[in-house]
Amino acid sequence: MEDESSTGFPLVLHAEADPSRLGGTAICGFSTVGSVGVIATSHLISALKLDVMGTVLHPQFPAIALIHDSVPKHPVRVYQGEGIGVFTSEIQFPNEKDIYFAETVLQWFTKGGFDRLIVIDGVISNDLGIKEEGELWGVSSNKKGREQLENAGIRGIQQGIVSGIAGYLIAEGERRGLDVTALLAECNPMYPDARAALIAVEGVSELLDKEIPIQDLLDDARNIEERVREAFNRAQKTALPAPNEEDDDDDEVQMIF
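Residue 64 is where the sequence shown starts when you use the working numbering, and the numbers rise one by one after that.
It should be emphasised that the hints constitute simulated quantities derived from the structure, not laboratory data.
The C-beta atom is built at its ideal place from N, Cα and C for all residues, glycine as well.
Any given hint might turn out to be false.
With a Cα cut of at most 25 Å, we get these calculated DSS-like pairs of lysine-lysine [unchecked claim]:
1) Lys160 to Lys136
2) Lys273 to Lys112
3) Lys174 to Lys112
4) Lys174 to Lys207
5) Lys112 to Lys207
6) Lys273 to Lys206
7) Lys136 to Lys112
8) Lys136 to Lys174
9) Lys174 to Lys206
10) Lys160 to Lys174
Quick list of the computed label-pair ranges, beta carbon to beta carbon [to be verified]:
11) Arg297 to Arg84: 43 to 51 Å
12) Ile187 to Pro73: 29 to 37 Å
13) Arg292 to Val75: 41 to 49 Å
Taking the hints into account, I'd like the entire structure generated from these sequences.
So, in structure tokens, the structure goes:
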């Protein structure tokens, strides 16, 4: 049987990283549906002023640098603060890599001595319009986590399927006896849903019993929603008019076979 620790990607610590600061609550988010996970984790890194700890590297990854405030960075990184660590991926990878990324997260989680893992992801809304309020669901690998969800007022999932990295992590958490919780925010998959990410961050705040500033994320959500509305209005104005059903049949173009 393959060793579980051999299926993840390598995590390379930065020269200035301080491994002694590891531990506490681990949080991860990826560039999946609605970009909920990556938006939420990026906000946590900024709002809580976390320090970069390391980078996930592999020859199969695209050769790319993401520029933030004039500083080039690899797309998959881990951060650490006092009692909190964050794992984030700012580009989307094929679904075939899901288990490898999930195993990488679990290696970081277990070797870093964290107490619990919170996975942030999105779930597609049945209503694809822009909404001021969205739903947040949670599912945990153990009884303690489910009680924490209930105490935080987060709706637990009783029956259903959670796919992708989040699904693998909570299932492996249950199998390995780890404390893993997934927060799934209702989102629109058609654009980066910062509103859904904000709802997820509020859920994290409740679970951590820690105040997390959200004004910047709220401003981002409003800006994105305004741009979406403008694009929708432009599309409506340029759309061709619908056929007039009252036109006489004689005016219709006849199909000849």
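Each hint, compared with the structure:
no., hint, verdict
1, Lys160 to Lys136, "holds, 21 Å"
2, Lys273 to Lys112, "holds, 14 Å"
3, Lys174 to Lys112, "holds, 23 Å"
4, Lys174 to Lys207, "holds, 22 Å"
5, Lys112 to Lys207, "violated, 29 Å"
6, Lys273 to Lys206, "holds, 22 Å"
7, Lys136 to Lys112, "holds, 16 Å"
8, Lys136 to Lys174, "holds, 24 Å"
9, Lys174 to Lys206, "holds, 23 Å"
10, Lys160 to Lys174, "holds, 21 Å"
11, Arg297 to Arg84: 43 to 51 Å, "holds, 48 Å"
12, Ile187 to Pro73: 29 to 37 Å, "holds, 33 Å"
13, Arg292 to Val75: 41 to 49 Å, "holds, 43 Å"
When the structure is compared with the earlier hints, a violation turns up for hint 5 alone.
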